[in-house]
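Protein chains in written order, with UniProt numbering: chain A, 1 to 287; chain B, 1 to 416.
Heads up, a few of these hints could be off.
Cross-link-like lysine-lysine pairs, in silico, DSBU-like; alpha carbons within 30 Å at most [to be verified]: (1) Lys136(A) to Lys288(B); (2) Lys87(B) to Lys363(B); (3) Lys158(B) to Lys390(B); (4) Lys390(B) to Lys200(B); (5) Lys197(B) to Lys210(B); (6) Lys210(B) to Lys390(B); (7) Lys210(B) to Lys136(A); (8) Lys87(B) to Lys158(B); (9) Lys83(B) to Lys152(B); (10) Lys288(B) to Lys83(B); (11) Lys136(A) to Lys251(B); (12) Lys136(A) to Lys192(B); (13) Lys158(B) to Lys68(B); (14) Lys136(A) to Lys200(B); (15) Lys253(B) to Lys136(A); (16) Lys390(B) to Lys408(B); (17) Lys272(B) to Lys136(A); (18) Lys244(B) to Lys210(B); (19) Lys363(B) to Lys88(B); (20) Lys250(B) to Lys210(B); (21) Lys288(B) to Lys369(B); (22) Lys251(B) to Lys197(B); (23) Lys197(B) to Lys136(A); (24) Lys166(B) to Lys236(B).
Coverage of chain A stretches by chain B, computed from C-beta distances (three or more under 8 Å per stretch; other residues unrestricted) [unchecked claim]: (25) 36 to 44; (26) 61 to 69; (27) 126 to 134; (28) 140 to 148; (29) 229 to 237.
A few chain A positions that, by computed beta-carbon distances, are all more than 10 Å from chain B [said to hold, decoys possible]: (30) Ala9; (31) Pro10; (32) Ile82; (33) Val115; (34) Leu188; (35) Ile200; (36) Leu266.
If you're looking for bench data, these hints aren't it; they were derived computationally from the structure. Computed from a predicted structure; not experimentally measured. Virtual Cβ for every residue (Gly too), placed ideally from N, Cα, C.
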Amino acid sequence: MDRVKRQLAPYLLILPGGLWLLLFFVVPMVAMLSLSLQQGDVVNGYRFTFHWQNYTEAIEAYNTQLIRSLIYGVIATIILIILAFPVAYWIAFYGGKRKSTYLFLLLLPFFVSFVLRTISWRQILTDDGPVLSPLKSIGLLPESYHILGTAPAVICGLVYNFLPFMVLPVYVALERIDPRVVEAARDLYANPATSFRKVILPLALPGVFAGVLMSFVPVSSDYVNSEVLGSSSTTMIGQVIQKQYLNNSDYPTASALSFILMAVLLVGIFAYARALGTEDVMKVAAR
Amino acid sequence: MSANISDPSLLRGLTQRRLGRRDALRLSGLAGLGAALAACGVQGKGKPSASVAPDAVAKFWTGKASTKHVDFAGWPLYMDPKKPELKKFTAETGISVNYQEVIQEMAPWFAKVQPQLAAGQSIGYDLMVITNSYQFTQFRESGFLAPLDHSKLPNFTKNAAPAYTKEAFDPGNVYSVPWASGMTGIAYDPAKLGGRKITKLADLWDPAFKGKVGMFSDTQELANFGLMALGIDPAKSTQDDWKKAADHLKKQKSDGIVRNYYDQSYVDALGKGEVWITQAWSGDIFQKNVSEGRNLQFVLPEEGATIWTDNMTIPITAKSPLDAIALMDFFYKPEIAGSLAEYINYVTPVPGAQAVIKADAAKLSGDEKKSMEEIANSNLVFPTDADYAKLHYYVSFETAEENQNFQKTFEPIVLG
Chain A
1 MDRVKRQLAP YLLILPGGLW LLLFFVVPMV AMLSLSLQQG DVVNGYRFTF
51 HWQNYTEAIE AYNTQLIRSL IYGVIATIIL IILAFPVAYW IAFYGGKRKS
101 TYLFLLLLPF FVSFVLRTIS WRQILTDDGP VLSPLKSIGL LPESYHILGT
151 APAVICGLVY NFLPFMVLPV YVALERIDPR VVEAARDLYA NPATSFRKVI
201 LPLALPGVFA GVLMSFVPVS SDYVNSEVLG SSSTTMIGQV IQKQYLNNSD
251 YPTASALSFI LMAVLLVGIF AYARALGTED VMKVAAR
Chain B
1 MSANISDPSL LRGLTQRRLG RRDALRLSGL AGLGAALAAC GVQGKGKPSA
51 SVAPDAVAKF WTGKASTKHV DFAGWPLYMD PKKPELKKFT AETGISVNYQ
101 EVIQEMAPWF AKVQPQLAAG QSIGYDLMVI TNSYQFTQFR ESGFLAPLDH
151 SKLPNFTKNA APAYTKEAFD PGNVYSVPWA SGMTGIAYDP AKLGGRKITK
201 LADLWDPAFK GKVGMFSDTQ ELANFGLMAL GIDPAKSTQD DWKKAADHLK
251 KQKSDGIVRN YYDQSYVDAL GKGEVWITQA WSGDIFQKNV SEGRNLQFVL
301 PEEGATIWTD NMTIPITAKS PLDAIALMDF FYKPEIAGSL AEYINYVTPV
351 PGAQAVIKAD AAKLSGDEKK SMEEIANSNL VFPTDADYAK LHYYVSFETA
401 EENQNFQKTF EPIVLG
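Only chain B is shown next, with the shape it has when bound in the complex:
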């Protein structure tokens, strides 16, 4: 998403006549019913500009008081279930944390909290982890994200990798700081494949795996693979490319190859043998293997894979933003970032974490030492430049209309 997007709401305001309630009445002639119907309108909250007003930070943060408690909305498989990092945070600061794995996919999460945020009500969380997908733009454009006060983020300023401070979806980290990055690739269960190695996207279209292939129900994730399988870079794709990719994906479905389109539940489906080969997020498979002693494999396909960033953000209606931003910053201490990466095996935005993991490995012995060293050298946690060259960014939308067309192109595939 380029930094100079013209705001969709502004565009629409210029090109379309806004119909007020009175216009609707005049049009209808059915004054009574019309009034009743029009009164049921759904309130949006379009902000006139994507750029943040200079005093917005001060305006949001003045008068905020600490409540010594943070409600944190995260994703499954995104933290050690014993939550050692949060325990340390509570021990150091006296702030208690209620961590809930309530987010499984971006679109339903946005749809769930949008009405409360639009009404200016608390969503019950002070901190939430959201992906840099279209919904990130929706959150930002709707004015649902609190502008961050960087004077409260000393660890972030000191320790974050430079690349993460200028990502296109939020340059300068006005609203968000990364939680972790990850790659979307292919996971498979070697026990089911009889020695066959999965190396490329085309394997997801192989009739040999009929009824045993899992794809993502998130339209962006799905579309990315359709595009890359045809050799198209998602970030540079056009509407014509989308149609071609959609046809390719439709064929995969009509040939009976796809078993189903999954949200986070794909991990479970792979574990249960419902699918043998599936679209997957890099760290999940590692955690599944660790927690269940499995030998599932994750590969970045030859044709390319995508990289995304999940970000910590503070909803504008948060009750306890001061404690939330303290927790945000806490995750930028190298030892905390290292401890998190050791467990979740996703790309950490803190390069200093690598030294921490290596030091941890030195303290261990035998198999444990070996697996910790593997993490320190894993290209899934610390990707090399060669890896980055293979990774693509998401499709970016210039306007809301473009996004709607995109959804209309790919959604029928998921819904069948």
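Looking at chain A on its own, in the form it has when it is part of the complex:
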């Protein structure tokens, strides 16, 4: 009897989590899959007809925005790695007693909604705002110069909003490095650069991988930054999906686009994992 109980225990333990996932992940997925294959219009209702053309038509109509989102996602992720690594490195190795203070500072912006923070950037960077207005009035910039509405504005917004998502996982990976391993490298006559390249970087890679997962996916599907800081020439796929759902009530197209985006992101992530050597990454990450 005891043995049965012991064998059942793990299953009972995962039951709440499993049910949660089933309810809030699987059910909406099925509903969306169904929607993406429906046909009709909002007044007369949509009917399920295995209308696969929704997918081909969506790709045809919105491939520009899809590709643009992926490009923004890749650029923003690369900038994120470049910015986040030194920060994480510094906190992990030189943070000393104040490590938790620095981490808290890093998370401080999260106490304000990120939509609000993005909107405040819009106020700051607007054409006649506090940044551009003085520069224009002393003639450093032409009167029609603007930052808002351009691709760099959107990418900077993305980087700004998702920086902690990259810093934290990298920090966790770096923090776990045993200082004695680095010392050993130095003992074996590795110079600082070599010990960084051969010891620290490989050990930090799982953190970078996790950071990329946590930032590339939401960055590529983000719609707030482009909506607030961008213009119609920076439209990202998230905005298209949002418009189709909430503007045009075109639920099938929106659902089809969501699945396409999900598929593309999954392929991208797997390709990236493959290039890094998933096996190794997962093994180190699981340690």
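For this one, chain A is given, so just place chain B on it according to the hints.
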């Protein structure tokens, strides 16, 4: 929109085979998944006929009781923020009004309330102001609008301008009475243009304003300007015309002239200097000038402008339709219509308001008197016949398919 539109849902019913859930199952063979998928269908609410059944009015209104409270969904810049008219209404009738500026653009508003209305649930509002755009037809065809009981609208019957009782989108005011009409023209900030006057639509395509031109994200508004810039009357335009207009608008965008496509937020963008010249609604600019002491200009372009009507309607699921219709009628008292027009500076459907505004002007002196007289004589509030000759109506759609083609033609421009 002509009165004798054949109903799109009816048309489709005749020409397309409706697939029931069982058909879908048989087709799929994947009975289990098929059932799960098909069960997630989105309910529409197609009504068989656009014309109202004779007993519909009685059927809707019998048994309705007053709750002494109205939830009113309006647009930004459509009422004095101090809401003097609503205060008077509450003082006279004891009905409290909760006025919210929740509507910024028609399509998102329809998309937002459609699921609740289709499910027969209250949308939280008893009265809403909607434009005579395609969404008006969608609201009406879906049976989402309560038929109005004209015996409860004595002021409307007495005071409304005759032209407003036979507008093509709702002849006889079966479902709606106008809130205000307005024109879509061009607004600009003279301080940025160095003395240049804006007079024509072509100015919106001028490379001199590269990156500083605002256009509307509403596809109908956008398309209208594309069409009129090419000399085409939107109301008479064909699908070929739409393609030409779309190309013209695409060029404007690819040349980098358009800064962005805006909803109601264009006023803010113009105020902040984000755009210098933009598509605009007539009364907004006047209000912006009054509230912020600005000198923004509004012009009706030489090639033409469009006129539209925003209408008060009662959603079919309203909790308090009796109080809503009382408020509707209240806005047709000349003194109330006059007071509203004085502030919002849009075309009022009550001609008697002009005398009220003139009388108000007589009570004032100096600059205040002058600006009030300007309103009484403004062609933006009381357009002349010559103005009307310049004004065009919206593109009208005979079928839902035509509307979809229209959207497909113009939407890629907005979405980039």
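Right, here's what the structure says about each hint:
{"no.": "1", "hint": "Lys136(A) to Lys288(B)", "result": "25 Å, holds"}
{"no.": "2", "hint": "Lys87(B) to Lys363(B)", "result": "22 Å, holds"}
{"no.": "3", "hint": "Lys158(B) to Lys390(B)", "result": "29 Å, holds"}
{"no.": "4", "hint": "Lys390(B) to Lys200(B)", "result": "12 Å, holds"}
{"no.": "5", "hint": "Lys197(B) to Lys210(B)", "result": "17 Å, holds"}
{"no.": "6", "hint": "Lys210(B) to Lys390(B)", "result": "28 Å, holds"}
{"no.": "7", "hint": "Lys210(B) to Lys136(A)", "result": "17 Å, holds"}
{"no.": "8", "hint": "Lys87(B) to Lys158(B)", "result": "23 Å, holds"}
{"no.": "9", "hint": "Lys83(B) to Lys152(B)", "result": "23 Å, holds"}
{"no.": "10", "hint": "Lys288(B) to Lys83(B)", "result": "17 Å, holds"}
{"no.": "11", "hint": "Lys136(A) to Lys251(B)", "result": "29 Å, holds"}
{"no.": "12", "hint": "Lys136(A) to Lys192(B)", "result": "13 Å, holds"}
{"no.": "13", "hint": "Lys158(B) to Lys68(B)", "result": "25 Å, holds"}
{"no.": "14", "hint": "Lys136(A) to Lys200(B)", "result": "29 Å, holds"}
{"no.": "15", "hint": "Lys253(B) to Lys136(A)", "result": "25 Å, holds"}
{"no.": "16", "hint": "Lys390(B) to Lys408(B)", "result": "28 Å, holds"}
{"no.": "17", "hint": "Lys272(B) to Lys136(A)", "result": "14 Å, holds"}
{"no.": "18", "hint": "Lys244(B) to Lys210(B)", "result": "22 Å, holds"}
{"no.": "19", "hint": "Lys363(B) to Lys88(B)", "result": "20 Å, holds"}
{"no.": "20", "hint": "Lys250(B) to Lys210(B)", "result": "14 Å, holds"}
{"no.": "21", "hint": "Lys288(B) to Lys369(B)", "result": "19 Å, holds"}
{"no.": "22", "hint": "Lys251(B) to Lys197(B)", "result": "23 Å, holds"}
{"no.": "23", "hint": "Lys197(B) to Lys136(A)", "result": "23 Å, holds"}
{"no.": "24", "hint": "Lys166(B) to Lys236(B)", "result": "19 Å, holds"}
{"no.": "25", "hint": "36 to 44", "result": "holds (count 7)"}
{"no.": "26", "hint": "61 to 69", "result": "holds (count 4)"}
{"no.": "27", "hint": "126 to 134", "result": "holds (count 4)"}
{"no.": "28", "hint": "140 to 148", "result": "holds (count 4)"}
{"no.": "29", "hint": "229 to 237", "result": "holds (count 5)"}
{"no.": "30", "hint": "Ala9", "result": "31 Å, holds"}
{"no.": "31", "hint": "Pro10", "result": "29 Å, holds"}
{"no.": "32", "hint": "Ile82", "result": "28 Å, holds"}
{"no.": "33", "hint": "Val115", "result": "15 Å, holds"}
{"no.": "34", "hint": "Leu188", "result": "56 Å, holds"}
{"no.": "35", "hint": "Ile200", "result": "43 Å, holds"}
{"no.": "36", "hint": "Leu266", "result": "21 Å, holds"}
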